[in-house]
Amino acid sequence: MTNKDIVISKDLFEPAHVDPSKSEKIAKASLNFWQDSWLRIRKNKGAVISMIILILLIIMAFVGPFLTPYEYDTQNTKHNNLPPRIQGLENVHWLPFDGTLSRRDGTEYNAYETRKVDAYYWFGTDNLGRDLFARVWKGTQVSLFIAFMAALIDMLIGVSYGAVSGYIGGKTDSIMQRIIEVIVGIPNLIIVVLMILVLKPGIVPIIVALTITGWTSMARVVRAQVLKFKAQEFVLASKTLGASNVSIIFKHMIPNMFGIIIINTMFSIPNAIFFEAFLSFIGLGLQEPHASLGTLVESGYKSMIAFPYQMIIPSIMIALIMVCFNLVADGLRDALDPKMRD
Amino acid sequence: MKKSKLSLLLVLSLVLSMFLAACSGGDKNEGKDKDGGKAGEEKLAAKQELNVLESAEIPTMDTVMGQDVLTFTTANAVNEGLYRLDPDQKVIPGVAQDMPSYNDDKTVLTIKLKKDTKWSNGDPVTAKDFVYAWQRAIDPRVAAPYGAYFMEGKIKGASEIVEKADKVTDADLQSLGIKAVDDYTLEITLEREIPYIESYLTFPLFFPQNQKYVESQGADYAKDSEHLIYNGPFKLAKWDGPTGSSWVYEKNADYWDAKNVTLEKINFNVSKDPQASANAFTAGEADITPKLAQAAILSQFEGTDELLSYQEPSIWWLKMNEKNPALANKNIRKAIALATDKKALVDDVLANGSIVADFLVPKGFSFDEDGKDFRDTAGTYLKADKKKAKELWEKGLAETGLKEVTFTYVGQDTETAKVTDAFIKDQLETTLPGLKINIESVPFKIRIAREDAEDYDLLMGGWGPDYADPMTYMDLWVTGGGQNHMSYGNPEFDKLIKAANEELQGKERWKALQDAEKILLEDDAAIAPLYQRSVNILINPKVKGFAHHAFGPDYSYQWIKITE
Amino acid sequence: MAKYILQRIIYMIITLFIVASVTFFLMKLIPGSPFNNFEKLSEVQRNILLDKYGLNDPVPVQYATYMKNMVQGDLGVSFQFDNTPVTDLLAKRVGPSAILGIEAMIFGGLLGILLGVIAALKQNSWVDYTSTFIAVVGKSIPSFIFAGLLQYYVAVKLGWLPVMFWKGPEYTILPSIALAMFPLSIAARFMRTEMVEVLGSDYITLARAKGASYWQISIKHALRNALIPVVTVLGPLAVSLMTGSLVIEQIFGIPGIGEQFVKSINMNDYPVIMGTNILFAVLFVVVTLVVDILYGIIDPRIRLSGGGN
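Protein chains in written order, with my numbering: chain Y, 1 to 342; chain V, 343 to 906; chain X, 907 to 1215.
Wrong hints could be hidden among the right ones.
[Claimed, not checked] In silico DSSO-like pairs for lysine-lysine, Cα to Cα no more than 30 Å straight-line:
#, chain 1, residue 1, chain 2, residue 2
1, X, Lys934, V, Lys389
2, V, Lys509, V, Lys554
3, V, Lys580, X, Lys934
4, V, Lys554, Y, Lys78
5, V, Lys714, V, Lys607
6, X, Lys1116, V, Lys389
7, V, Lys496, Y, Lys78
8, V, Lys665, X, Lys1063
9, X, Lys958, V, Lys509
10, Y, Lys78, V, Lys506
11, V, Lys593, X, Lys909
12, V, Lys614, X, Lys1116
13, V, Lys521, X, Lys958
14, Y, Lys116, V, Lys554
15, X, Lys909, X, Lys974
16, V, Lys633, X, Lys909
17, X, Lys1073, V, Lys614
18, X, Lys1063, V, Lys884
19, X, Lys974, Y, Lys45
20, Y, Lys230, Y, Lys171
21, V, Lys730, Y, Lys78
22, V, Lys614, Y, Lys116
23, X, Lys1063, V, Lys509
24, Y, Lys78, V, Lys607
25, X, Lys958, V, Lys554
26, V, Lys614, X, Lys974
27, Y, Lys116, V, Lys389
28, V, Lys614, X, Lys1063
29, X, Lys1116, V, Lys580
30, X, Lys909, V, Lys607
31, X, Lys958, V, Lys506
32, V, Lys580, X, Lys1073
33, V, Lys607, X, Lys1028
34, Y, Lys10, X, Lys998
35, V, Lys496, X, Lys1169
36, Y, Lys43, X, Lys1028
37, X, Lys1063, Y, Lys230
[As the list claims (entries may be wrong)] In silico negatives: residues of chain X with every beta carbon more than 12 Å from chain Y:
#, residue
38, Tyr972
39, Val977
40, Ser1124
These are calculated hints, taken from the structure and not from any lab test. Owing to the predicted nature of the structure, the values given are computational and were not obtained by experimental measurement. Glycine included, C-beta positions come from ideal geometry on N, C-alpha and C.
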């Protein structure tokens, strides 16, 4: 309030020199939608790091099982329940890779020495003496496969359903929406559990069970978008030019909602991973000797106190995947959301 | 350590009873020092109260409707039948005055009852209470799940009543072979001599029920602990029906042997998660846990005096369905039976004290007149031998003209079962070239249904005894038998079982059963026995006199004393 | 409004009808009998049992009977619990589950909102990152792992709280915390997003320009408006707690409904499974309806109309 008295005289101002020929010039390079999104997501450090981690995880899911001399399903019961031990790190005792376990009274012992095992299991072994390093990566592979497949099917069904419902409109839309409302009203947990019981546990039934109720949110989102676009000029224009309904939906509308579809899918992947883990815990997971992160966590949970590493390692893996997917999805949402454009 | 336990078990077994014995493992907590004895030397704690965990709710307390071991255990504590098992598995009189007297062909038993036993509502326990309960158990209108199973072919008249199904009348029930000669004398008529009848009568299905009380309660009978009456060492309290997740035993001051019951109170709680049970035990919130099978949990307690481990007469085996043409070949079956390293299975995978089973009738379960274990005079069969397994396998494949075989393996969905199945799959596939196994882990009920429908190639299953005689394991496999479910049949085997059931007695009968076992395993390799299971529970070392049983009820609590 | 609610109630009834029918037929597809030791019984004995429970009737007849009884509030009797009516069973067990769920909702919801608000106010600081980390970890680690860890370290090792069972208020703390991790993380993430959006909106800029204090802006203007949409996630969250409680109740030995559900599936106890399903479905649709109506009342921008978005 004190600077009220400052007098701003006119001579402090100077007219700007405007070159009329440059008024139409575009200073920034023209960017398409994807380039634009990439520019913005690049600024989000969390999302970028997550993306890198995810890519590494996916590569490891395929390469990892080949890095150890042990197969994921080869049993050696003489070497069962050995803790993690890594060459070179075994003498660094504050790291959990020195091959020691603790007893109930808190004392520690080296399981490899007491059992006279001359081997290195980087993530330890399970109760059948299978190498957990190989199993964890194999499990990551399976979990990611289930999640991707579930998300993909959700996407296909959801997008088609939503697009058809929104585009045709009228009675059809009304009926299709009522059907969705009813399906959403069914607690998916119950249906999934029953489906698994009827179909017998396995990768395909788990995917089917996950998708049976999972596609509804995608359908709703897509329908809302289609409704929005339907009234817009570019749709009207192509209609006038004689484009067929199918080509309008798939060539003109859906490319415009890629962003939203991708974000929705990105969020449904971690949910699928989580649900798969839950199914494992109530005994409806994959069949031996196959492993998913869910089944690994579940069997590790049973020996949580005696052999904590059996649970902790796959748990970290699940958490890592979930965190990364969530952060990437968040980043994408921010990047693709036109409201957030700067 | 496991070895020494086993040998101690064998020594103990020899000393124990004729009919049933000891699954009692050599452990410090063993209930051998029940009344007086060693426990008397130690100072008793002031508070005789116990906290016990169970892994399930009590499904029913109507003894006639019982079909679950927890019902049997609870009934055995709060009620009493004619006889009961003591900690050494010996049959001792309960409501009965003494052991039964028999007629010449041992088909009619006369049993005198104690005159001073009372229900908790003050009524005396009479012979009529037994007649009433037995008639209820067989009445098709009551549809007791175990009634007909226990009486048919054994108690006179039972089969005829069952045949009548829902057309049965009250008059028909009178034809059941049980009569109250007077209030305190009971006469039981059997179809034929049953060598194990005395231990059979300890089963809670045969417990008495007070007609006046049951009928006055109507549909409310056994609804909760307020709608029951008791004649056992304890009274049930604070049980609010089959869904109740906690209940209490209180000492029954009116029990005829109340002076030998030291415990005042037992608090029961349901805990279904094994690690949680172990946690509660470690924190001192529980004195006795449910049975724990996970090696990872047991390993935390190995070598402490808190872990009680003993073999139970429960055998686990691989069933081979002969409807599958490959499994109809004897050499292939034998190859499968020989291919699994059973020692690694029990020592490394199960790691809970279970023992290798190269036999069908379990160790320490049935004894002849001289107290000799059935197993001591019988052989061992199908000992693991991978080399021979491979030879037989190739021979079998050549005979059947097959090169590669894929079997569907049905197993259960418990943690222990899954690990065991994964191990067996690996063992079979690595030992027998060209074999592929697809495991299907299913809930217990579905396993039973698959077995029933013979919808499997290999099936992991097990059997616990219903009475103390090898026959409970042997008659399962007769041609077309109710439990066969694998299309196995051998007339020679059938003949031996029939003879053991109807003609033979004593040593000859024993011999016939042992020969049948040899045919079943060594000659035909009809099933592949894997292991005899061990029970592991955590028990506070201050608890003395805890007794466990081989069939019917799991445990008896009445001889427990808590020391300082 | 009244028309909207009526319409929603009709959908609820249709939904419940479909849930009941689907579960009924799925249960019939699952092999196995609901009786223990069924394999030991002879054919005659089996038929006696099956007749008694009407399981020998053709499936359509069983279905009609079941639906008729259900409408009259009779959900049949349990097999595993010796003829206990399913309604009694559910009534006895719904208490602990409800207490657990409500405690977890309150604890998780409040703490989550607090975390979210702090994170939004201190955007991109270490506080924000910590809160995001807690939220994501809470969402990504299954609740049974929290339960197991809490039980072992807090109850067994430290002895601060009882290990298990359901005997008093102190027994509810650990399971509630374990169960609350999920709602906590969802609420925190949602709250942060909303709060960031509100803080960036024009009216907050206006308030700031008018010289409102930091706290006034944060609490009076931003928080109140950001809270409104949070109501929409409460419904799905409350329902998600049912999933968690299946396992948590088992680990802590709590006599609730969830704990019974898995066991009933394994026991083929059709009536209990059906009853539990219908109860879950009723809860689900009622909670969703209540949340939608509430949302309409709280947020004047939303107008309730029949269906649609």
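To see whether the hints hold, each was checked on the structure:
With a C-alpha separation of about 52 Å, the suggested pairing of Lys934(X) with Lys389(V) is violated against the 30 Å cut-off. Of the supplied pair hints, the one linking Lys509(V) and Lys554(V) holds, its CA atoms being roughly 25 Å apart against a limit of 30 Å. Of the pairs offered as hints, the one joining Lys580(V) and Lys934(X) is violated, with about 36 Å between alpha carbons and a cut-off of 30 Å exceeded. Of the supplied pair hints, the one linking Lys554(V) and Lys78(Y) is violated, its CA atoms being roughly 63 Å apart against a limit of 30 Å.
For the suggested pair Lys714(V) and Lys607(V), the alpha carbons sit about 39 Å apart, so the restraint of at most 30 Å is broken. For a cut-off of 30 Å, the pair hint linking Lys1116(X) to Lys389(V) is broken: about 74 Å separates their Cα positions. A hinted pair counts as satisfied when its Cα atoms are at most 30 Å apart, and Lys496(V) with Lys78(Y) does not qualify at roughly 49 Å. Between Lys665(V) and Lys1063(X) the alpha-carbon distance is near 55 Å, which puts this suggested pair outside the 30 Å criterion.
As the CA atoms of Lys958(X) and Lys509(V) are separated by approximately 14 Å, the hinted pair is consistent with the 30 Å bound. Taken as a hint, the Lys78(Y) and Lys506(V) pair is broken in the structure, with Cα atoms around 59 Å apart against an allowance of 30 Å. A distance of roughly 63 Å separates the Cα atoms of Lys593(V) and Lys909(X); the hinted pair therefore is violated under the 30 Å criterion. As the CA atoms of Lys614(V) and Lys1116(X) are separated by approximately 62 Å, the hinted pair breaks the 30 Å bound.
Of the supplied pair hints, the one linking Lys521(V) and Lys958(X) holds, its CA atoms being roughly 29 Å apart against a limit of 30 Å. Only pairs whose Cα atoms come within 30 Å are accepted, and Lys116(Y) paired with Lys554(V) is rejected, the gap being roughly 70 Å. Pair hint Lys909(X) plus Lys974(X) holds up; C-alpha atoms about 28 Å apart against a cutoff of 30 Å. For the given pair, Lys633(V) sits about 58 Å from Lys909(X) by alpha-carbon distance, which is inconsistent with the 30 Å threshold.
About 17 Å separates the Cα atoms of Lys1073(X) and Lys614(V), which keeps this hinted pair within 30 Å; it holds. In summary, the hint linking Lys1063(X) to Lys884(V) is supported, as the alpha carbons are separated by about 22 Å, within the 30 Å threshold. Taken as a hint, the Lys974(X) and Lys45(Y) pair is broken in the structure, with Cα atoms around 60 Å apart against an allowance of 30 Å. About 17 Å separates the Cα atoms of Lys230(Y) and Lys171(Y), which keeps this hinted pair within 30 Å; it holds.
With a CA separation close to 23 Å, the supplied pair Lys730(V) and Lys78(Y) stays within the 30 Å bound. Restraint check for Lys614(V) and Lys116(Y): not satisfied, since their Cα atoms lie roughly 37 Å apart, outside the 30 Å limit. About 63 Å separates the Cα atoms of Lys1063(X) and Lys509(V), which puts this hinted pair outside 30 Å; it is violated. As the CA atoms of Lys78(Y) and Lys607(V) are separated by approximately 46 Å, the hinted pair breaks the 30 Å bound.
For the hint linking Lys958(X) to Lys554(V), the alpha-carbon distance of about 25 Å falls within 30 Å, and the restraint holds. With a CA separation close to 35 Å, the supplied pair Lys614(V) and Lys974(X) exceeds the 30 Å bound. Simply put, Lys116(Y) and Lys389(V) have alpha-carbon atoms about 48 Å apart, too far for the 30 Å limit, and the pair is violated. For the given pair, Lys614(V) sits about 21 Å from Lys1063(X) by alpha-carbon distance, which is consistent with the 30 Å threshold.
The suggested pairing of Lys1116(X) with Lys580(V) is violated, with an alpha-carbon distance near 67 Å, which exceeds 30 Å. About 61 Å separates the Cα atoms of Lys909(X) and Lys607(V), which puts this hinted pair outside 30 Å; it is violated. Between the alpha carbons of Lys958(X) and Lys506(V) the distance comes to roughly 15 Å, so the proposed pair stays at or under 30 Å and holds. A threshold of 30 Å between alpha carbons decides the hint, and for Lys580(V) with Lys1073(X) the separation of about 13 Å falls inside it, so the pair holds.
Of the pairs offered as hints, the one joining Lys607(V) and Lys1028(X) is violated, with about 58 Å between alpha carbons and a cut-off of 30 Å exceeded. Using a Cα cut-off of 30 Å, the hinted pair Lys10(Y) and Lys998(X) is violated, with the two alpha carbons roughly 84 Å apart. For the proposed pair Lys496(V) and Lys1169(X), the alpha carbon gap of about 35 Å is over 30 Å, so the pair is violated. The straight-line distance between the Cα atoms of Lys43(Y) and Lys1028(X) is roughly 19 Å, inside the 30 Å bound, and the hint therefore holds.
Between the alpha carbons of Lys1063(X) and Lys230(Y) the distance comes to roughly 63 Å, so the proposed pair goes past 30 Å and is violated. Once the 12 Å rule is applied to beta carbons, Tyr972(X) is consistent with being away from chain Y; the minimum gap is 16 Å. Taking the minimum C-beta to C-beta distance to chain Y, about 18 Å, the non-interface status of Val977(X) holds against the 12 Å cut. Annotated as non-interface, Ser1124(X) keeps its C-beta farther than 12 Å from every C-beta of chain Y; the closest such distance is 22 Å.
In this structure, the hints that do not hold are numbers 1, 3, 4, 5, 6, 7, 8, 10, 11, 12, 14, 16, 19, 22, 23, 24, 26, 27, 29, 30, 33, 34, 35, 37, in rising order.
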